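For what it's worth, the numbering used here labels the leading residue of the sequence shown as 1330, then goes sequentially.
Check the hints yourself; a few may be wrong.
Distance condition first, Cα-Cα at most 30 angstroms in a straight line; then the derived DSS-like pairs of lysine-lysine [said to hold, decoys possible]:
| hint | residue 1 | residue 2 |
| --- | --- | --- |
| 1 | 1462 | 1413 |
| 2 | 1427 | 1445 |
| 3 | 1366 | 1461 |
| 4 | 1413 | 1366 |
| 5 | 1427 | 1414 |
| 6 | 1461 | 1380 |
| 7 | 1427 | 1380 |
| 8 | 1380 | 1426 |
| 9 | 1445 | 1407 |
| 10 | 1462 | 1436 |
In short, the hints are calculated from the structure, not lab data. Quick caveat: nothing in here was measured; it's all calculated off a predicted structure.
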Amino acid sequence: MDYIFEIDMEVRDHECDVQGVVNNGQYQNYMTHARHKFIKSEGIDFNELYKEGIAAMVTRVEMDYLAPLLPNDEFTVKIALERKKSTRLIFLQDIFKKDGTQVIRSKVTTVCIDVKEGFPLMLDEVFESLFKKYGL
């Protein structure tokens, strides 16, 4: 896969459950943080979009749990993009331990909604520069 962004992170103790592994729900927090950092690195600000009446929303998450993360594990979240139709942007997000072991394979579907009208927007209006840069 051709990843276009990655961010290094570390498991904090409070993110683990009684079994001593990262709680399943925490992985979505890691991936959300990575998506936001990626979008920000591309000069797009979700807060500014919202002020303009555009809400970026996750509509679907598919996640395969392949190996656990433990307290203090260092890991990397990697992102690739896929465009689906004119209203959906797919984030292909994988998490790897520092030794290369894949922990998570995921597919996160997002749309942008007109806040006032409540209908999906054409993504070209919101992410035109991103699509051009990555050939989507």
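(request) Assess, step by step, whether the Cα of residue 1462 is no farther than 30 angstroms from the Cα of residue 1413, and give holds or violated. (result) The hint holds at about 17 angstroms.
(message) Just to be careful, I want the Cα atoms of residue 1413 and residue 1366 compared with a cutoff of 30 angstroms; is the pair within it?
(response) holds (22 angstroms)
(request) Verify the proposed pairing of residue 1366 with residue 1461, using a straight-line Cα cut of 30 angstroms. (result) holds (19 angstroms)
(request) Take a quick look at whether residue 1427 and residue 1445 sit within 30 angstroms of each other, Cα to Cα. (result) violated (44 angstroms)
(request) Mind checking the alpha carbons of residue 1427 and residue 1414 for me, to see if they're no more than 30 angstroms apart? (result) Judged against 30 angstroms, a Cα distance of about 35 angstroms means the pair is violated.
(message) Checking one constraint from the list: CA of residue 1445 to CA of residue 1407, max 30 angstroms. Satisfied?
(response) Status violated; Cα separation ~33 angstroms.
(request) Measure nothing beyond the straight line between the CA atoms of residue 1462 and residue 1436; if it is 30 angstroms or shorter, mark the hint as holding. (result) Answer holds: residue 1462 to residue 1436 is near 21 angstroms, not above 30 angstroms.
(request) Please work out if residue 1461 and residue 1380 have their alpha carbons no farther apart than 30 angstroms. (result) Since the Cα atoms of residue 1461 and residue 1380 sit roughly 24 angstroms apart, the hinted pair holds (cutoff 30 angstroms).
(message) Check whether the Cα positions of residue 1380 and residue 1426 lie no farther apart than 30 angstroms.
(response) Status violated; Cα separation ~37 angstroms.
(request) For the pair supplied as a hint, residue 1427 and residue 1380, confirm whether the alpha-carbon distance does not exceed 30 angstroms. (result) violated (38 angstroms)
Hint violations for this structure: numbers 2, 5, 7, 8 and 9, all remaining hints satisfied.
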